[in-house]
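S.K.: Take a look at the letters that make up each chain.
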Amino acid sequence: MWQQLQEELGPEGLSIIAVAIDSDVDAIREWAAHVPNLTVLIDRDYIVAERYGIVNVPASVWIDEQGHIVRPADTAMGDDRFRAFAHIDSGVHHELLRAWVLRGERDLTDSQVVENMERPTRELQLARLHRRIAVALHDRGDTPGTNTHLAAAEALAPYDWVIRRGSMPMRNIDPFGAEFFEFVEEWQEAGSPGFRLRTGRED
Amino acid sequence: MATVIYDTEHVEVEADLSSRWLMTPEAVESLTGWKLKPEGFCRGDVCSPIFNPDKVLSYGMVDLQEAAPLLGLLAVTDPSRGVAALTASAHERADDMASLKAPDFTLESLSGDPVSLHDFNRRKVLLLAWSSW
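Line order of the protein sequences matches chains C and W.
For the first sequence, the residue numbers in the numbering used here are 1 to 203.
For the second sequence, the residue numbers in the numbering used here are 1 to 133.
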């Protein structure tokens, strides 16, 4: 659907920048092949995640022509493939996007944008730093070092999906496997912390 | 080898890593822009006094982890493995976010070319964060 939205709204002034919060270049390439008219960038160190308060994927942030954030990070599904699991109607976000691009209509005021941002705690910032060190050590083939820093990151930010789930491939854990579902349970027991906006949520 | 990861930069620095992460004041300045002066760490007209010099300084060298909070930064150091990482403190980052000014970034595209947010000036941008995991 992102491909379609770029085709539809590109001539109206929209550019979709797809930032892969990921270090698996082959997997990124495979996904990018399906969206040839999107700009696809690689964010191995989770720089964009940190600067825009992204704690889970897929997520979107809207930025206007003057470089102002007009919608903060929020879950944004391309389609309804995960609807039964995520309980999100993807079309709600797409319609809001059309209203903004075509008619300049915003659904949030500036103060609502600020209220709904995931502003970091010290612990989350430290977790992001540990994760960056882990990526550098992983590149060097230092498995014990990688695991030490990933463990530190996970202890500091136990409910951040980008930290928890995003680190599974580096630890050779299937991000769709048993450990992932254990994490989901743990996260739900903690009250499902995450993006505040919950656009299109059905539960 | 001593590497400091600061945003997307991986910077090789001169450091004494025998027990803590100690860098020369010059190395700290070239990394962060903060210069060590008698009144503290200074950048432009702003100075941040050092209230705990025993922790921050050691024989003329700067402990990166202890100095970072004075510079509005946060550091994690691993002297035994020669890697440290540095970023904005939670407070600084939260203030930046609340300004609603979209922070610029430069990342590599799949073809290896650097692409920045500012390349999309005067367009509406949907920043879409996704992953294969």
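Some hints here could point you the wrong way.
Unchecked claim - From the derived model, a few chain C residues whose C-beta atoms are all more than 12 Å from chain W: (1) Ile-133; (2) Glu-186; (3) Ser-192.
To be verified - Here chain C is said to cover these stretches of chain W; the calculated rule only asks that three of the stretch's residues, wherever they fall, bring their Cβ under 8 Å from a Cβ of chain C: (4) 11-24; (5) 38-50; (6) 56-63; (7) 78-86.
In case anyone wonders, no lab produced these hints; they're calculated from the structure.
Just so you know, these numbers come straight off a predicted model, no measurement behind them.
No residue lacks a Cβ here, since even glycine has one placed at the ideal position from N, Cα and C.
S.K.: Run every hint past the structure and note whether it holds.
M.R.: Taking the hints in turn, this is what the structure says about them:
1. With a closest Cβ-Cβ approach of about 5 Å to chain W, Ile-133 of chain C is found to fall inside the 12 Å limit, against its non-interface label.
2. The beta carbon of Glu-186 of chain C is kept farther than 12 Å from every beta carbon of chain W, the shortest such distance being approximately 17 Å.
3. No beta-carbon of chain W is positioned within 12 Å of the beta-carbon of Ser-192 of chain C; the least distance is around 19 Å.
4. Under the rule that three or more residues need a Cβ within less than 8 Å of chain C, the assignment of the region 11-24 of chain W is violated, with 0 such residues.
5. As drawn, the region 38-50 of chain W meets chain C at 0 residues by the rule of a beta-carbon pair under 8 Å; below three, the given contact is violated.
6. Counting residues of the region 56-63 of chain W whose CB lies closer than 8 Å to any CB of chain C gives 0, so the stated coverage by that chain is violated, three being the minimum.
7. A stretch counts as covered by a chain when three or more of its residues have a beta carbon under 8 Å from one of that chain; for the region 78-86 of chain W and chain C the count is 6, and the coverage holds.
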